[in-house]
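Line order of the protein sequences matches chains U and L. Take the first sequence: its position 14, counted from the start at 1, is 14 in full-length UniProt numbering, and no numbers get skipped. Take the second sequence: its position 81, counted from the start at 1, is 81 in full-length UniProt numbering, and no numbers get skipped.
Everything labelled a hint here was simulated from the structure, so no lab data went into it. Hints should not be assumed to be uniformly reliable.
Unchecked claim - Have a look at the derived ranges for each label pair, beta carbon to beta carbon:
id, chain 1, residue 1, chain 2, residue 2, range
1, L, L370, U, Q156, 39 to 47 Å
2, U, E57, L, Q255, 31 to 39 Å
3, U, C136, L, T200, 44 to 52 Å
For each residue, glycine too, the CB sits at the ideal point set by N, CA and C.
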Amino acid sequence: MNDQDQIDFYRNLHLYYKHLFPIQMIVDWLSYAKDNQPELKYFSRREFSFERSIDGETFYQRYQQFQNAHGLQKFLLDNKQNDQASTLIKYDIGAVFDKLPKKGEKLKAMEKEIVIDIDMDAYDEVRTCCQGAKICEKCWKFLQVACDILRPALFQDFGLEHILAVYSGRRGIHLWVCDSHIRKSTNEVRSAIIGYLNINIGNADAEEIIREVKQEKIEKLHPSIQRAYFIAQQFFKQIILIDQNSLKIENVKKKILTILKQTKILNPKLEKSIQEINDSSQIWDLICSQDSERLEIAKLQIILMCLYPRLDAHVSTTINHLLKGPFSIHPKTQRVCVPFNLKNSSQFNPLDTPTLPNIIKQLAQLPEELKQRENENKIFPFLGKEIPSLSPYIQLFEDFISKYNKPKIN
Amino acid sequence: MQNQKEILQYEAMLYIEPYMDQQTEEINKRDLLNMCIDRIKAYQKVNQLFSQLEENDQQKDPLKQKELHSKAIKLYNEYSCYEGKDKFWIDDNAAHFFLELAYSESDEKINEFIKYQRHLFQIRCEAQLENEQTNERLLKIYKKLLGDNEITKISKQEWDEDIPKQLRLPNQVDQSNKLGNYVILGTGKSQLRNFNNVNTYLKFFKTPFYNVLHSVSSIHTFLKNGFAYIYEDELKNCLLDVFLGKMRKRMQANQYKFQYEELMKNDEIVKMFKKIQQTDSGMLSQKLQNFEQDSLNALTVRQQSKDHFPLCMEYLIDRLEVNHHLKHSGRQQIQLFFKSAGMKVNEAIKYMKMQFQQKISEQDFNKNYLYNIRHNYGLEGKRENYQCYSCSYNMKQNPGNDEYHGCPIKNFNSDVLEKYLKSKSYEETDIKKIIELKKGNHFQLACTEIWHLKNKGNQTGLIIDNPIVFYRESLNHHKKVQLKIETEEPAH
Chain U
1 MNDQDQIDFY RNLHLYYKHL FPIQMIVDWL SYAKDNQPEL KYFSRREFSF
51 ERSIDGETFY QRYQQFQNAH GLQKFLLDNK QNDQASTLIK YDIGAVFDKL
101 PKKGEKLKAM EKEIVIDIDM DAYDEVRTCC QGAKICEKCW KFLQVACDIL
151 RPALFQDFGL EHILAVYSGR RGIHLWVCDS HIRKSTNEVR SAIIGYLNIN
201 IGNADAEEII REVKQEKIEK LHPSIQRAYF IAQQFFKQII LIDQNSLKIE
251 NVKKKILTIL KQTKILNPKL EKSIQEINDS SQIWDLICSQ DSERLEIAKL
301 QIILMCLYPR LDAHVSTTIN HLLKGPFSIH PKTQRVCVPF NLKNSSQFNP
351 LDTPTLPNII KQLAQLPEEL KQRENENKIF PFLGKEIPSL SPYIQLFEDF
401 ISKYNKPKIN
Chain L
1 MQNQKEILQY EAMLYIEPYM DQQTEEINKR DLLNMCIDRI KAYQKVNQLF
51 SQLEENDQQK DPLKQKELHS KAIKLYNEYS CYEGKDKFWI DDNAAHFFLE
101 LAYSESDEKI NEFIKYQRHL FQIRCEAQLE NEQTNERLLK IYKKLLGDNE
151 ITKISKQEWD EDIPKQLRLP NQVDQSNKLG NYVILGTGKS QLRNFNNVNT
201 YLKFFKTPFY NVLHSVSSIH TFLKNGFAYI YEDELKNCLL DVFLGKMRKR
251 MQANQYKFQY EELMKNDEIV KMFKKIQQTD SGMLSQKLQN FEQDSLNALT
301 VRQQSKDHFP LCMEYLIDRL EVNHHLKHSG RQQIQLFFKS AGMKVNEAIK
351 YMKMQFQQKI SEQDFNKNYL YNIRHNYGLE GKRENYQCYS CSYNMKQNPG
401 NDEYHGCPIK NFNSDVLEKY LKSKSYEETD IKKIIELKKG NHFQLACTEI
451 WHLKNKGNQT GLIIDNPIVF YRESLNHHKK VQLKIETEEP AH
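Same shape as in the complex, but just chain L (with noise of 0.2 Å):
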């Protein structure tokens, strides 16, 4: 081994290129490839131990996010893709920086691989900061990643001028609230937190807002000038976006480079994505693959959300039918659907026509809708393979005015609810059971309610994560079914 920089475990995750040109040659193809293929094996078994738990209970009970991170390790382990001695980190940054380059083609793909790659930096960085009593190591890492200017200790000084202790409305005097017993700053959930130690500050880091952009999207960190100050505790959950973010950017980079095409004329390493995008789809529950199918087209969409779509698009072709109109979300949430559904891009493009054109004119349509469809379908623009949106994206949905997407059933307050499966002809004893499971913020399970009541029939172990799960599962149930009354008819 020519390099004897030493190889912290953690650091050599996050730096990835320093050994590539000097190891590729060392790693035998084969193995590389095998490697890959066991890291995409783990990181698939991994998202769908995630995806069956409900985001909801995986932030509320920190014992249950231990347990569902050991379980992770130990199936990453078994994939030999956790930890190991020194080679092994070698082998880790390879086989890692070999599947950027693999899934660097779309963006579609990059999002998918940054999903997987989520879980495997989260859980490793949490077991790498557990015992954390300074925030050295982790500022460390910051500076390494960003640059040593980019984040620093708040002084006595910003925190004493920069920083309003409380934010007061002219009409409410209230004296029995001290000024400066509150701080409002970067603490997390939205929220403020009492700070009265003087030494508080020391607790507080600054940095251009550009480095902690899920905090600052979500309203979580005080902003001022450009600039984020954000409590200790945040900060960790910032690494991780700043580490994903720095790997969006380097995969989307290598789209346009020079040395990426060249690497896509070698046809070895051709064959080398293409089985390491085989092992992916082909674990994938059907849900990623294309197929077209005839039996749902614009005659037929009706009929058939009333029988196995999920509620969220059930409604989605209420409110079209009746509106004969769909804004934007509630367009793509649809659309998206039937795309992954398997209905042809000329039945979808001829049932949103066949609604709309109760509104407008063709000719309206033609020019403000269809390119949208077709973008949906991977036909215009940059031609991606776009997916139907999944629940945890749904359920994230905040609808609007005249706006009918996201889950119904996290959306709605239990009244609308109750109404409108009441409008669907369920019986009182089940909406009783599905209302009690939302109230429970249990939205996944009562979905799963909702697909029983629908096809009449038990099917253990169904986890809905996506519309399509849903409506594919529906499909086929029926079919079996239709098969066994078939088979069950004497014969003549």
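Same shape as in the complex, but just chain U (with noise of 0.2 Å):
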């Protein structure tokens, strides 16, 4: 970014806060009315934290809480600190404590979203369309099977409900699962939660590949482990062999040379076959036409060393730990965390997503009359729904906090 573009960001990030971040709706999310009585001060214990730029350095403030919106904008439009000028970069979201949170105080976390957090360049080993921070339509695809695993473990497995899934704005996802009892939970849930989530994947030197599959038949297998088999198996041939062409990647080809040596598939000649080919679908009808009892168990160990959901357990485990929240921007890439459909993660693209310059200008075009506040003590008038590239986001926010609200019909 040169000067002038660092200087339009600051601008824009500033109209953003004031005319088209949900504030509201991120009070009404995290206040959890159907739990908490208002007494209780539920949203004002909560930990915010914010990255802040001020005359070309980043600062952080943590331990930051309000009392309500109104509070929450003035902060976020606070553009003077100590005399200097100074741009909200973006925010944090915290836990619940049990008091109003300050900094040096000894403070117990009691309550905090459970987030799992996936990261592209967790797949930077299978896929050779990008690497690192980058991302297309095509690496999407792979979070996408990551949804389609997680989802039923979610729902079904652990009866969970709320569950907002958010593009993180560039490489990533976060799914902040809500439902009351998760939110209360020690770390020790939270580790066996990601535990039963996870599978570990060694790295090209390993003994073992996947750890979790010492059975020799499919069937014995736990039935979690064999419906991620399942879901991934229905996208292996699209993504792995034709999209990625993931088996010609050297570490790749040293992992499924230790998969099948381990299952004594493995003789010299398929060795080497494997070792020249460098086409995937080759070497995968190679090593499908391998006779042996155990090639399905070899097979669903490949497939799900390439697809298995990649979770970043550190961001989950810990209650405390700080997570930009939905809605930010993303410094580098200057699009919105917006949140999407975990039931229909294949109809959301990354890249279609609204980016902070291209819905300032849809704001340009609004009339000015429509952007001024009653008076000092309201916050600005909301117009995310105004933006035609940022309404059907926001629409997505407010479902999912109407839902959580609705009084159970039983």
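Each chain sits in its own coordinate frame; assemble them with the hints.
See below:
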């Protein structure tokens, strides 16, 4: 970014927080009004933290807390810190503490959503289209498989109901699990859930690639692993063999050889062929043509090695971990961090998500009188719904909140 | 004695609080302290006993496990903290509860105490439930711990409707497997068993998943709608987690209690706590003590790694110096090792910075990694006195792509291990020996072998259960050799 871009970015951010950031909805969401009486000050005990740029340098402000949307907006729009010009870059959501969070005080974290975090760069070893923080439509399919595998595990196995899926704005997704009993869970419960959802995929030097699979027959594996296999294999051909041609990658080959060796399928001829061939479909056909009782289990291991969701467990397992909240602007891509429909992740294209310059342009076309607030004690009118490229995501978020607070009919 | 309630041994272990208030007055403080100190001694001896045996061996061989348990019981009895007549259980509870308080101070201490307690509880549990034919007693304990509705037997209807008898993949049309032959349920080892008996369901229990965390996280149990379905023999293992989980919660809650703060103002009590902790750290092989030393610093890491580090740390250093980056788990492992090895925090920062800076700017380093190092050294956040990860922890790791933590002897496949050892110029015969040990799952023995090769010396009875033991013993050995050379030199 050159200087002018930087200035524009900061100016746009300010406008965004003023008119387009769904402040009241964020407050409504995090108040969980169905579970919490107002006198508990549930929302106020939530830690917010912020990344702020002052004079070109970045600062973190931790342990901030707010009474309501007005307080939060006032803080977001405050562009003077100690008489220096400053801009708020992004906001993070932390835990709900036993008392109003303040730096230096002994605080006990009481509640926090469990957030499942998947970053695209965890797939670097099996993707060929992009690397690192880059993402394209082809890569998104990896995350789509991840969503499809996690969904039944979360909804059916754990019986959860309220999950907000958010695109992080760059290369990953966050699944905010908001069910009331989950928010209250200890770090031990968090680790156990993540342990259940995760399988560890060993690296190319490993003795075992997938430790969770020790059986010789698929039918004897845990149902969640069988189910994951069933889901992943429907995508395997398109993503791994065609789109990515992943099996030509050196480390993937190494792992396949380890798997075939462990399942006693490997013979010198097969090993030589796999090392020589660089076309994934051919390699796959060759493996599938082997005659062995353990072939199916080897196929399962290879497919899960390529496509099983790669969670960043670290983010989910500690109750007071901070994470970028929905509708932040990703500072690198300037994309809005928007919710998507977990049940329909194939319809979501991360490259179609609104960008800051774009929505600010649309904002500029709206009449000025819409942008005025009644008085200083009110928040600025929320105009996100007037912006065509933003409004569907706002709608999703609104639906999520109202579903949460809807009384259950038994 | 006021309390006429019958004290069942087992329940006494579980239900500490009801006795606490009534009985503390009657227990002399000095007696209480002595009991606590005896317990700590017993706990540590048992702990050492367990750590000498490799995890794999224990699990595989029930006979060996039995032997281990009877050895442990003998140790506990030596310090009279295993079993006895009526009054014993009151003392037992008092001492236990007092120790809970003494260890509530920080999460690290809590973990330490729970580790001790795990062995005792496991052994008592085995002994109590050994000859139980029905599960009534077990269930009773569960209900006491969790509440009546938290665990139920499953009904015939649930068995028929809720439980998948077999999952079928569409492309598998295998008619020989009759549906219902296998039942996919919590059977302990993430595998299915053949349950043909129509009454099998009577042996299954249903409980919310958060009561059986270990089974959940290791994917050992069938889950539906937040409930875990557990087979009877798995239930026994789960009890341990429930009990220890309760204990952990209770201890963590102490930290925030007003009464606890008041207690900590009482000089006499604080003195007692101190005495207990001194016993604890005094007994441990030096590894839990903090010390600082100058010989390990940013400039000597490379050489020290070659001469004195265990393979797991040497490998991390190698990768760090090639890649100029390490992922989170690798950084944790090496940084906590640095700390426990006595490297000063500024040296650790300097070294990591030197390596990382070849790829990222100093500003980025400070922004992304500095806090983490200081945190590991107990200088940020909760300010905990973290320790180097143990071998058993490292062995449980399964490093993924671009990750190099864990125990390379266990995690590497034999070919890779052989290649790596060759690159370190070990002799063919030595490498062969290490690989053989690895193949027999004797990872810690293989590590000890490497210690002997690095130190060109022999030390019988060396047990490496933590990378830091490898390092300390290697340094000590080196010093001894140096001293010998110096003293043997003719005086001028």
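So, going through the hints one by one against the coordinates:
Separation of L370 (chain L) from Q156 (chain U) is about 43 Å and conforms to the stated range, judged on CB atoms against 39 to 47 Å. Checked against the hint of 31 to 39 Å, the pair E57 (chain U) and Q255 (chain L) passes, with Cβ atoms roughly 36 Å apart. For C136 (chain U) and T200 (chain L), the hinted distance range of 44 to 52 Å is satisfied, since their beta carbons lie about 51 Å from each other.
In this structure, none of the earlier numbered hints is contradicted; all agree with it.
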